[in-house]
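There are 4 protein chains.
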Amino acid sequence: MKPQVVTFLIKCPDQKGLVAKITSFFFEKGFNILSCQQYVNAIENTYFMRVRLNADGTNISKETLEASFLELATPLKFDWSVNYSDKKQNIAIMVSHTSHNLYDLLERSKEGRLDCNVSMIISNHDKLRPIAEMFKIPFYHLPVTKETKQEQEAQVAQLLDVNEVDLVIMARYMQILSADFINRYPEKIINIHHSFLPAFQGANPYKKAYERGVKLIGATAHYATVDLDEGPIIEQDVKPVTHESTPTTLKRIGADIEKLVLARAVKNHLNHQIIVSGNRAIVFPEAGE
Amino acid sequence: MKPQVVTFLIKCPDQKGLVAKITSFFFEKGFNILSCQQYVNAIENTYFMRVRLNADGTNISKETLEASFLELATPLKFDWSVNYSDKKQNIAIMVSHTSHNLYDLLERSKEGRLDCNVSMIISNHDKLRPIAEMFKIPFYHLPVTKETKQEQEAQVAQLLDVNEVDLVIMARYMQILSADFINRYPEKIINIHHSFLPAFQGANPYKKAYERGVKLIGATAHYATVDLDEGPIIEQDVKPVTHESTPTTLKRIGADIEKLVLARAVKNHLNHQIIVSGNRAIVFPEAGE
Amino acid sequence: MKPQVVTFLIKCPDQKGLVAKITSFFFEKGFNILSCQQYVNAIENTYFMRVRLNADGTNISKETLEASFLELATPLKFDWSVNYSDKKQNIAIMVSHTSHNLYDLLERSKEGRLDCNVSMIISNHDKLRPIAEMFKIPFYHLPVTKETKQEQEAQVAQLLDVNEVDLVIMARYMQILSADFINRYPEKIINIHHSFLPAFQGANPYKKAYERGVKLIGATAHYATVDLDEGPIIEQDVKPVTHESTPTTLKRIGADIEKLVLARAVKNHLNHQIIVSGNRAIVFPEAGE
Amino acid sequence: MKPQVVTFLIKCPDQKGLVAKITSFFFEKGFNILSCQQYVNAIENTYFMRVRLNADGTNISKETLEASFLELATPLKFDWSVNYSDKKQNIAIMVSHTSHNLYDLLERSKEGRLDCNVSMIISNHDKLRPIAEMFKIPFYHLPVTKETKQEQEAQVAQLLDVNEVDLVIMARYMQILSADFINRYPEKIINIHHSFLPAFQGANPYKKAYERGVKLIGATAHYATVDLDEGPIIEQDVKPVTHESTPTTLKRIGADIEKLVLARAVKNHLNHQIIVSGNRAIVFPEAGE
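Residue numbers (this note's numbering), protein chains in the order written: chain A, 1 to 289; chain B, 1 to 289; chain C, 1 to 289; chain D, 1 to 289.
Keep in mind that a hint or two might mislead.
[Claimed, not checked] Which residues of chain C face chain B? A few of them, derived with a C-beta cut under 7 Å, are:
hint	residue
1	T23
2	S24
3	F27
4	K29
5	N32
6	I33
7	C36
8	Q38
9	V144
10	G202
These are calculated hints, taken from the structure and not from any lab test. For glycine and all other residues, C-beta sits at the position ideal for the given N, C-alpha and C.
One chain only, chain A, in its complex shape (with noise of 0.2 Å):
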């Protein structure tokens, strides 16, 4: 194998031994291990793994690694994947009429903030293709009714798997995914929510926020699932308002939130640090990377 970081996510029951088989695995094959970061959930009686090799010291082909690690897994039922850091990732970003987030991602990306490659801005509007083309990203206009909105996801599906796409991130993409849109991209959909879940979920959080009064406001980056605003939730964050806000100034201090929290999700989850469990995602931290 070249010289390059491989990260493992393992999944499995909680039993005596599982770091001690894990780590000698990876030592046996002469990795060294930059970094292993474990959890154990003993309600569930889960546990849960994030393992960083470097992979400078051996000759092991990703196809034996793979083999020899899937008898360690079997019989310890791990549900498992493995990265490998000469893959770019491609990502594909969804918006509607807000610039904020798409501008953040963009920027992020061109300056090497965030490591991958943006394939694609798709859009129910043209109206933000100007800043595509600053940028020099494809733009897909495919606007949207209830009566096309079967066939503009079958187009939109279409964008992603020809172009190989591994993650698609809805930065205030202001439509409803269907179920089978959604089901289709398992844990490959981040959507940001500009309240601090479950606090006011659906439409006009803001407006919401600020009749109810509140002296924080927040935004929430989560994986986008079926039921709308209940995906497990990577990331939020919140500022301190007052009193003088209206909804207006609430919109305008939310939206630095919602691109420092979209931007994180986004990394942690092209670095490989989420592992997703039922409706709870286990975000390790970065380990001095």
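Once you've looked at the hints, dock chains B, C and D against the given chain A.
Using the frame of chain A, we list chains B, C and D on its own:
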């Protein structure tokens, strides 16, 4: 009037010239304006003001001041109140089993960081009596069942009224007060809810927070109203948590947030920084106080 | 005067009746007071006020207003300024190699979240020219060496003056400006320092933060003064970090803080929310704006 | 060994296979690994590990465990320690005039939120004795002058040693301890400094913070070292403040930060989450504990 600070809280329909009229009134009466804070709600066309006056240079009596102010207030449709710093407020603390908020309020009051007399502690359990004894505060154990609720609340009300209690603090009092009781003390009961409202209303918020996998937990201090957990929010705060947090650790982390949030809300109330408008609490910041 | 918002900033010795006198003045001239914020520094016996007026109902000219106000201001020893919302301010952004603050300011200005014209970008390197071109902003590459510093600063000053620049933003411009240059633009140059000042003044703050093992890193926006990193602080923020952070990750985490801190400071300045007093910046919060 | 939690803290030169070797060791001895946290400092090529073991399934004695572990540790150059949950730690609290940290630590310890025995309170003043009496903790009033410093410290040391104190907490003890004293208790003395170090080292940090016009104030808990305010930082936090804050209000706002920061640092120490390396404290987060 003897040297002291006088605080007016005013709410009225917005109109031209309000600041000028009000501040001229106090200037002419010989007061020095220590601070003058205002808030205009342009959506509801309402004006709010908090004025703090230094009474050092005036000989005017409280009665004359209030009678004169009434002449200004009536045509301008003021909803107003006035408070004098020579009147120390009496508070009652209601608790059940949980001690952290109680300790915190008692310590702050004892050390002069909350400007009030703690008149009594009322509990439906006897468990926290030793803390009351440590701090030498009268403790009333008034058990309550569904059947005796009306009677128990009558006992509580009598205690509050006889002792001229100005503010009731529900410091994790795990009983729902009746509408009759709550309506008897409008904007005079502060409750601490152990979540970031409106998320996780009702019972067991830390368990719900765990199950939803949120990345921040919080607490909310609000005025008690008939609709449970729906009263005007005075103060909120949150703290980041991770997937490692169990319901038990969330509870422990949350306890520290609850203490700070409740203490700040109580201080804001005692310091006459709050005007309630509908379901929103206008909370003026301290002005160099 | 045409319909617009007029903002007065006032600093003067504290004395009885100031609010009444000032607000009565504006009321009599026919203005509606949108907000009136004050701050009394009791230690230095100084009074500060920010008044925002709606000019809708007045026919008074700017000249007459200012002449009349001067009559009020002179005997009361006001240090004051007035700003009109029909005058859009011009800003110049100075950069070296680092792009994140530049992108952020350009995006906010383009999307109408910073109310100003970006007149130009000035850099001692040519590296960031493509960003200027993306956003169609004039870019001036003015290299500087110890020998050419005086001459280069003269070129910069000429550019600023010819283009009537109101505010200079040092968005990670890694050069120390001369005292002559700085004194030419008092309270007109905002710098972002990548640490929580006064911790880690000078060069390489992220490296120093790593070595000191701090658990929070931050950024500070301040007015540039002759004493480097000692100017009045406008805005600061921090973010928790752990022992896992290397100087490189601190730099990356810090970049997000720098962006928010600088953007907020610039908005506060453009919005006339700041009065400088000695080495302290009085920053009034937005008043429902 | 009786059922309990055993915690190992390990520091050593980084090398291949460490996780595998260490976790295999414990697995073979029959322990269940509750959590295994590691940190690699790539700059210094050093490896750190915290392992928590459940001793339920083992009959091994403490002596045998430690002797066996030494055989693993010696060739790999481990700097290590082991702690057993059946050993409750003794703490001593040193104070002068300020009570808020003292109350907080006593309350947490009394209510079981800090797992330790408070063996004594030592003060150079008699002022806080009533608090010690409320909580029924021995109080030693040991006044100190420049002349008696050596003698007083000897008395303190004797008290600590006779009572087998494991941790000394300087909870606003306003005396500088001698190098002799500090070196006697390496990584066994925690101090709270009332600023965000390294900003505002030395005396009167709130006054300095006011004068510098900072927009956040903070507190820092650190191990005491001979260089005052330079010891390894365990915990820090800050709170936003405005120009309205006077040195007095900063002090009051700061008190709440000091309490939380010191309590968290003490909990981290008592819970064996900290490894010191040079001037940096590696603070592992709780692992579902």
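message = Of the numbered hints stated earlier in the document, which are not met by this structure?
response = Of the numbered hints, 4, 9, 10 do not hold.
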